[in-house]
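Following the hints, complete the assembly by docking chains B and C onto the known chain A.
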Amino acid sequence: MTSFWRAVWLVVRKDLAVEARSRELLFTTLFFALSCVLIFAVAFVREGKPLGEAGDAAAGILWIAIAFSGTLALGRTFERERYNDTLRALMLAPVVRPAIYVGKLLGILALLAATEIVTVPLVALLFQARLFERVSLMAALLVAGTVGFACVGTLFAAMLARARSRDVLLPILLYPVTIPVMIAGVRGTGALLDPEPNIAMAQFWIVLLLFFDVVFVTLALWTFEPLMTD
Amino acid sequence: MRKAFLPLVVVLMALYVSALLLIARAPFESTMGLVQKIFYFHFPPAVLMLLSAIFCGLMSAAFLIRKRQAFDRIALAAAELTVLYGSIALVTGPLWARKAWGVWWVWDPRLTMSFLMWMIFVSYLILRKYGGPGSETLSAGLAVFGMANAPFVYLSVNMWRTMHPKTSVVPTLPVDFATPLWVSFAGFLLLYIVLLTARVRIAEQQALLDQLYVDSDL
Amino acid sequence: MSVDFNELSIRELSRNYGRRRALSRVSMECRAGEVVGLLGPNGAGKSTLLSIVSTLSTASSGEVRYEGRTAAELGPHLRARIGVLSHELHLYPELTARENLMFFARLYGVTDAAAKASAALERASLGDRANDVVHGFSRGMRQRLALERALLHSPKLLLFDEPFTGLDDASTVALIARFKELRLSGRIVLVATHDLETAEEVLDRAAVLRDGRLVAVETDVRGLRRRYQAHLHSAVAAS
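Residue numbers (the numbering used here), protein chains in the order written: chain A, 1 to 230; chain B, 1001 to 1218; chain C, 2001 to 2239.
Just chain A, with the same shape it has in the complex (with noise of 0.2 Å):
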């Protein structure tokens, strides 16, 4: 157990190294979550104020956001592992390979992390949506939305390194897979953004993605190995 954990950290402490020292991942997954938030803002504001119900828009906007920008990170973190097949070289370590995909999905985590920390105040500025009354309800959905989207999303986008048309591949088995995970996350925050919150429809929501994010790392652990051999 202590040789998978010590693996794990290798490889998250190499991506972050890579990282740090590009900056590419940050920026540009950064930049195009603010930009998804501003196409949104064009589409559900008028007269100044958000469409619909209060808060509504905001949620929506916000997971949009995420998903959007967590695909770009996602195809672009596996783009780099591609680049000189140093995704093979992880494969041909003698780790047990579930820590690959842990070690992957635990610097996924680290980037979108920090993608939130801009984009959620920036939602809550921009929108007058009061994402900051349950900081805790809303950090939980964050998380556990956030760690439902990246698994499934690590596995994906890990498998599709080596298939054709991987670009176009990647949204196109992601979205359908991981529709639980945003209807959830925005009903989740709609609920709290609700001038009355409603606390016990968070918390159901909270649930169910604690629920998805559990089974889809076990499946994720279970066949990453198979996947990733051909």
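FYI, nobody ran anything at the bench for these hints, they're computed from the structure. One or more hints might be untrue.
Said to hold, decoys possible - Some but not every residue of chain C turned toward chain A, in silico, with C-beta under 7 Å:
(1) L2056
(2) A2059
(3) T2070
(4) E2073
(5) P2076
(6) R2079
(7) L2089
(8) E2094
(9) T2096
(10) F2103
(11) R2106
(12) L2107
Unchecked claim - Derived DMTMM-like pairs (lysine to aspartate or glutamate); straight-line CA-CA distance at most 25 Å:
(13) K1129(B) x D1210(B)
(14) K1129(B) x D230(A)
(15) K2180(C) x E2012(C)
(16) K2116(C) x E2099(C)
(17) K1067(B) x D230(A)
(18) K2180(C) x D2211(C)
(19) K2180(C) x E2162(C)
(20) K2180(C) x E2197(C)
(21) K2116(C) x D85(A)
(22) K2180(C) x E2200(C)
(23) K1129(B) x E133(A)
(24) K2116(C) x D2004(C)
(25) K1129(B) x E79(A)
(26) K2180(C) x E2034(C)
(27) K1067(B) x E2073(C)
(28) K2180(C) x E2122(C)
(29) K2180(C) x D2169(C)
(30) K2180(C) x E2201(C)
(31) K1003(B) x E1080(B)
(32) K1067(B) x E1136(B)
(33) K1067(B) x D2128(C)
(34) K49(A) x D194(A)
(35) K2180(C) x E2067(C)
(36) K1067(B) x E133(A)
(37) K2116(C) x D2128(C)
(38) K2180(C) x D2168(C)
(39) K1129(B) x E53(A)
(40) K1067(B) x E2012(C)
Note that the Cβ used here is the ideal one computed from N, Cα and C, for glycine as well.
Showing chains B and C alone in chain A's frame:
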């Protein structure tokens, strides 16, 4: 299965004729009138599509564990049939909705769920078509995830939609309506089995042909 | 647990992609202290064969045994005994030469990683560039670094895919000397190459592949060039 193929087709045709007769003779439902008869062509494929998706997921999991091509061929056939039956359900559903609720699409929970599962298996077929060599393993992974996703899709779609006034979908069925429905269901099930067998057979022949080609000195 | 093996046997190995035959019923044996060449034009199946032996790909039929045991039986420990130098080099361009070596040394559980990395940098004649990012290296420098990276964990079985590409004359001479060391220290070395001139100097035996089939096994490597130059060229022209 191969020997039973022809008799199965005969039984299937008999079932279809009787189903059509039964449906034609079934009483007109009071509010929906003739349009209610769409239901006989909507409910069976919708249910079978979901079962087929789960079947495809199980076969794909078996393929990932055992690495035997036979499982993959069944999974591919099941995925194609999931899309076919899903398409039938997604065409007949809105036809019903137009008459019942006045609009083609109201994000009714069950139809939405069918739509999402249909999307997952369409992406399965896209991956197989455009993924290049080795995509059968990758699509097997996708099918396993798609299967595991079914309960989450069901729960989330239902919760999402109960935020709004609930509309009753399936009318309670008196016996006159139930008999033709079950005959129709049996027909669709048998059709599924026949198509699956035929599709797997084609894939087997294809693999055999590929093997001959590989073994030859071309 | 440490895995050791003194022979590698490849039996009736086939790999198909649909109708494309990448490898067809290839059988061969390699023993410790041998440098065995895989010769053939592009698309002959050399890389597929190396990929299966390295455990990254699975065979459609046939098997590879590492002194009697299969990769499935040996698990991750087998990979600790295999070193791969691929055509794509397996280096992170954003990291420095030393960071690349240190990362893989730790991942392979090498003891005394820092000292081994320094020694490897010297061997690659990159001592003065150790803290520069690989991005700025020439192909030859990368090739030398990649070779040291593949040897860092002293693997028993070495799989080289076109190791002479991009090397200048001095580096080629150094690599040839390196092959002799590896032979003396009892490694099993498989080298895929189409550079027959250099192959004559380092190989003990050569397996000639074409269209996924084993065409010949040459035990006398002198005169390879004379006999196979035309073969390789005609095959390249045909493909």
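Any of the earlier hints contradicted here, and which numbers? Checked against the structure, the hints that fail are numbers 2, 3, 4, 9, 15, 18, 23, 33, 36, 39, while the rest are satisfied.
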